[in-house]
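Participant: From first to last, the protein sequence lines stand for chains X and R. Start counting the first sequence at 39; every next residue gets the next number (my numbering). Start counting the second sequence at 28; every next residue gets the next number (my numbering).
Any given hint could turn out to be false.
What the hints assert, rightly or not - Derived Cβ-Cβ restraints for the label pairs, each shown as a range: (1) R:D139 with X:N56: 36 to 44 Å; (2) X:N56 with R:D264: 37 to 45 Å; (3) R:P107 with X:G144: 52 to 60 Å; (4) R:I285 with X:N160: 45 to 53 Å; (5) R:E148 with X:I51: 55 to 63 Å; (6) X:S58 with R:L162: 30 to 38 Å; (7) X:N56 with R:E89: 24 to 32 Å; (8) R:T262 with X:S55: 35 to 43 Å; (9) R:P213 with X:S55: 21 to 29 Å; (10) X:G144 with R:K202: 56 to 64 Å.
The set of hints was computed from the structure by calculation and includes no laboratory data. Glycine is no exception: its CB is placed at the ideal position from the N, C-alpha and C atoms.
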Amino acid sequence: MGTINIVSAVDVIAALSNRSLEGNLLMMDDGPLPGENQGTPHLTTYCWPGWQINWTILQVDLQTPAEIRSIRFTSPGGDSWAGWFAGDAISPVVWSGIVPPWLIPGHHYQYEIEIVMARGSNSVLSVQTPSLVVPPPRNLLTPQGM
Amino acid sequence: MTQQRGIVIVIDVEAALQAGSLEGCTYFFDNAGPFGTTGLGTDKLVSAIHGSYWLDGSQASEQVLNFAVTGITSLPVTLPRDYERHQARQRERETLAKIRALIGEAGVTNADIRKLLTGIEMPQLSAIRSFGHHLKHVLLDNLGQPVPAGAKVDQSSVAQLPPTITDITGEAVEKGIIYPAQYGSPDLVNGGWYWSATVATHSPKVWSYTLHIVVYRLVQDAASQLPSWEPVPMTCDAWLNISSKPVRNGFTGGGTGILPIGLPY
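Okay, chain X solo, but in the shape it has when bound (with noise of 0.2 Å):
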């Protein structure tokens, strides 16, 4: 059983002059499988059952405040999201958790990470891009995969 982190560095004055965080979130992993589209939003992160995930947020300047306000993750009806999120950035909170056993592999559990920034209408941005995948056997993957 082992860990992975995943690291989110935010432009926060970049994210609030453009009012998105596409382009200004770079997500990354350190798996040992690494993961697809490092650096982006899109990020695709191949974890296994009982392995910890820990989701860390920093700021390209070290002055802006930026914190994870809510991590949910997609219930399997689709469109609604489904998972306790902790709701104000005041009190100190990791976002870590142990990947569960009933995961389907090969497919994309994709998550909402929820950034609060400042204060106004603009000031909490998400991304619903990145996920989480169990790696499925070798001989279902396509060559391009793995």
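Following the hints, put chain R in place on chain X, whose structure we already have.
Facilitator: Quick look at chain R alone, frame taken from chain X:
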């Protein structure tokens, strides 16, 4: 690594000099607004500092404060340090370029050149009293242009010399809650110096600290015959609201558990 807190102090220097105090003339800001800071834009700033500890009681995150002070009518501190000399030289260069352009033109007289030369204005120098001697300094108006020599100047007609932090003291320093120091910086803002402090978050409470700030009054100096910036030391208080909570998990609200993935709700 954690987010650093920037505390910005904007001072209405003219009002502070009239009042003889920074009270009511100081506007504080910090970057923790969404995270519980109160008194933004007033002289009663209470900065929220969220400490946290692990289950074994050890401090989970360090906190760093950076202080920046500026005057409402000071020129931006991000300008190069020799901006005023550069502006004065620029005017001279422009006049010389005009004279050079006259070369070879028929019908140019000495009078034309003399007329251009009168366009060169000597900049008014001012002096900053510093440790018993005077530092000469080109006076700029509020638009950043050199003030011509001999022009009548007063505090409101020229760009203010930016205020300077000289010390940080008070309850929080005496009790060892913050450890302030002045640091050198490759960034030439404030001449390459800035005040910073590290915070021990083990004692949750509202702690006060005192900023010692020098503002500059423009006076006519009898000895040097120059408008001179006379340092006027002042102080103002600010507060840190230190809280410390156990680190909790965003998914479970407690310890680490199974990720809520693929659950039927």
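Participant: Hint compliance check: list the failing hint numbers for this structure, sorted ascending.
Facilitator: 1, 4, 5, 6
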